[in-house]
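**Student:** As given, the protein sequences belong to chains A, B and C, one line each in that order. Sequence positions in the first sequence follow the working numbering and run 1 to 216. Sequence positions in the second sequence follow the working numbering and run 217 to 528. Sequence positions in the third sequence follow the working numbering and run 529 to 1003.
No wet-lab data here; the hints were simulated from the structure. Careful, some of the hints might be misleading.
[Stated by the list, open to error] Derived lysine-lysine pairs resembling BS3-like cross-links, with alpha carbons at most 30 Å apart:
(1) Lys989(C) / Lys210(A)
(2) Lys494(B) / Lys685(C)
(3) Lys796(C) / Lys989(C)
(4) Lys535(C) / Lys221(B)
(5) Lys194(A) / Lys989(C)
(6) Lys72(A) / Lys96(A)
(7) Lys796(C) / Lys221(B)
(8) Lys552(C) / Lys539(C)
Each chain is listed here by its residues.
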Amino acid sequence: MSIRILLADDHAVLRSGLRLLLESQEDLCVVGEATTGQETLRLVEQLQPDLILLDLSMPQLGGLEALPLLKKLASEAKILILTMHDDAHYLQRALKSGATGYVLKKAADVELISAIRAVMRGEIYIHPSMTRLLLDDMLPKAKSQPVDAWDTLSEREQEVLRLVALGHTNAEIAEQLHLSIKTVETYRSRGTEKLGLTSRAALVRYALEKGIIGDL
Amino acid sequence: MDLRKFILAALAILLGSACAPRAITEPAAYVDLSNVQPLPTLANQGIAPLRVAIAAVTSLQGTVEGYAPLLEYLSQELGRPVERIQRRTYSEINELLRSGEVDLAFVCTSSYLIGREQFGLELLVAPQVNNKVSYQANVIVRADSNYYTMEDLRGRVFAFTDPTSFTGRVYPTYLLLQMGETPQTFFRATFFVYSHDDAIHTVANGLADAASVDSLVLDFALAREPDLAGKIRVIHVSDEFGMPPVVVSPGTRPQLKAALRDVLLRMHLSLQGQVALKTLGYDRFVLVSDEAYHSARAVMALVNAAGELESP
Amino acid sequence: MLAFWKKLLSKIWEVAGSVPIRTKILGIVLGGTILLSASVIYQLWQAVTRTMQQELEARGISIARDLAARAVDPLLLNDMYSLHQLILDTQHNNPDVVYAFIQAPDGQVLVHSFEGGFPTGLMESNTVQANEHHHTVLLRTNEGLVWDVAVPIFEGKAGVARTGISTQRAEKIFLSITTQVLLTTLVVFAISLPAAAFLTFILTRPILELVEATRAVTQGDFTRRVRRWAEDEIGDLADAFNAMIAELSRMDELRREREQLRRQLLEKVIATQEDERRRIARELHDSTSQNLTSLIVGLKTLETTCDDPRIHHQASELRAVASQTLGEVHEISMRLRPRLLDDLGLSAALERQVDEWHARHRIPVDLMIHTHDNRLPEEVETAVFRIIQESLTNIARYAEAHSVSILVERRGNAIVAVIEDDGRGFDVDLVKKDRHLGLIGMQERAELLGGTLVIESAPGKGTSIYLSIPLTGGP
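Isolated chain A, as found in the complex (with noise of 0.2 Å):
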């Protein structure tokens, strides 16, 4: 039994390659092309194939806009993404959005096969490189201090930290609280080491975990 392949990508010379590609797998069969969203949407419908190959750039209705609306027309086909963006973000909208698997154009040659194969058994493919990536972002932050940390800074260096969190420079922040910028920077990594955070990002993401700095 072969598996109805639909090939959704607006680069001729890409697909041509690709149905070669597929072609050469005796359980593989291509069962139509697509251009463009649109096109796509149709095909399905038209073809109902089992397995669709979505590339996200494609014009008229891009691929990530088409997912949601090709899962509703072919519930049971499985989609994989085959794009060029390596990017988390994309992989995450694309998951989001229904995709089954997600392969780099880049990495075509060596996972196609083995990603289609794994999709149609039920698995979800996700590129190596973007799995840590996954990982990365999902992963729990660093535990911050005990909040009580906070309460044992002076009064000074609560508002120069307060300060520096809202993006002031350090003139602004010598010249708000009438001190002298030595003064502010010595607060600031005073602070700073008594909360144990590493940078303005940690220390405004503190800041705004513990409600000192209004979200805005």
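Given chain A's structure and the hints, the job is docking chains B and C onto it.
**Tutor:** Chains B and C in isolation, oriented as in the chain A frame:
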């Protein structure tokens, strides 16, 4: 105002004050005018001075100057201070002589005559002038006037000297009596000048039309003031009468009297004495007797009888 | 010594010179008036005092001599009564005569005008020689200053006449004159003061107006013009001033226009640059990458379908080359303009950028983006992206940092970014002077969009770059 201005202003004022000549006098001493004390009485002079009175033949000041050397000489010769006494009128001096308040006096002829009669005034000596011991009365008028005789003087203003002056009053009155007149009837007005010097000047200045003066005084005045000669003219010269003498008070002690006589008589023998005599225009002093004054006495008697010698 | 005086003078001038011009003019006018009045009054006072003293003395002499003349005869005649009458008459007829008395040649007082006695010390206080015309002595008495005149009577032979003339009456008159003059001066002064003030006001009004106008122009107000108050040099100054302002205004206009043009040019250049980059990136991404991928795929197919080991090997090698090329093209494309920026926005693009930079340079970057996933205007996202890109490039090149912190926040109606590193730091002013084009470029990009870029850094202290771009109501 700014500082600079102030400094400049101050400097200018200082400069200004420096420029102004300092002519303001500073007070010398302090006297409290309310702090009065009674005046100290004069201490006793010691030696009693010789009191000499001089009748006002010439002006008071002229008398002082004229008699100063003589009095000085007297003082020296007598070895005692001499006090000069002057009075306005002859009669005042007579009174002093009478009361003995005066020792020696230089008086007019008539003073002697009156004094001798009234209280025994004594002759001491008399001056000799131009080898004469007599003098005359000169009636003078202004040179530029038209008076040439006594008659011309009718209804004019006449100046007497002293009320008892022989030449100055007695004689002119005598003249008028001779003419059957009195001064009151003859002259328009008369007044007393009290000194012959002043009488001369009175006529010269035209204050009076005429006066009768001591010839000696006139000569002396003319000698002193040559200008006078051109201003006055003598219209009448009297006879010679006895020279105004030097008299002593009746009470004078004989020793003093002798000493005085002696000093005066020999005055012309010393240089100082000569200078003194010269100042008065005298040659010397000589002894005189009462006879020399008979003529004068006669004139006086006449005038007295006519009641014209009463004090004015 | 000289230095001291110089310093004193310059100090005086400093104080005097700093007095406002109105006070100066008033000072000159009033100072002159006061000086004039003061010196006049003083001279007057001096002159009058002197004259009065002289007059008084002369009168005293005259009275004394008259007394002396009249006293001769009574003295010679020893007429004390007349003498006394004479004394009394002298006193009676001359209100200034305080006393009169006659001395005998030996100095004893013969008659006098005092009651109850004779003042001690008065007799000896003045003497006169016989040949003298008179002798005057100024005495201080309990009744004020008195001129005591001694006149010889009859050349001293008869005695001496003495009279005392009081200066009190004269002084009273003098005082009243002085007071009057002073009062007059004060009145004149009182009148001249407002007059002078008014005059000063009139004179200096245009000057003050000029000062104020100059200040306004300094603040940037080129519309100010000054009135020509009078047909004098100050009026000329006013005209010159106005002409100068007009010229300044014109030049300012020109400058603005030029600035505007420059901005437009810069915008255009940047926009063009971005467009070009986007175009190239897109082409690389869409066309070139796709082609390469096709190539790879095709070669793979060839590999799989071909049994010949030589072709197999060749295809494999070619495939590797193509793969590598694809990678490079990809990188170029990313660096030129990441698709992410257009497709998914600033956050995504920044995260990708930071990841790649970190991977390349092995320096940890703490990235904190807080924009609520809202998309921002395209030029703003581009500017922020480029600036951060440039900053990272600089950090990699110069900073020798151990860690980097990037904060991007939407705060109010502005987007705020802070890029911090703990590296070497640099002297901001020095670098700015050298016109580091990279930094200037960053600043220009920010300013084009109406934002600001502030760099805080010091050698050894790391670097912080603060970026702020408004989101509504840009230039």
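**Student:** State for each hint whether it applies.
**Tutor:** The hints, checked one at a time:
Taking the CA atoms of Lys989(C) and Lys210(A), the gap is about 28 Å. The hint holds against a cut of 30 Å. Between Lys494(B) and Lys685(C), the direct Cα distance comes to roughly 21 Å. Compliance with the 30 Å bound is thereby established for this hinted pair. For the suggested pair Lys796(C) and Lys989(C), the alpha carbons sit about 37 Å apart, so the restraint of at most 30 Å is broken. Restraint check for Lys535(C) and Lys221(B): satisfied, since their Cα atoms lie roughly 18 Å apart, inside the 30 Å limit.
A distance of roughly 19 Å separates the Cα atoms of Lys194(A) and Lys989(C); the hinted pair therefore holds under the 30 Å criterion. Our distance criterion of 30 Å between C-alpha atoms is met by Lys72(A) and Lys96(A), whose separation comes to about 14 Å. Straight-line distance between C-alpha atoms of Lys796(C) and Lys221(B) comes to about 67 Å, which puts the hinted pair past the 30 Å bound. A distance of roughly 17 Å separates the Cα atoms of Lys552(C) and Lys539(C); the hinted pair therefore holds under the 30 Å criterion.
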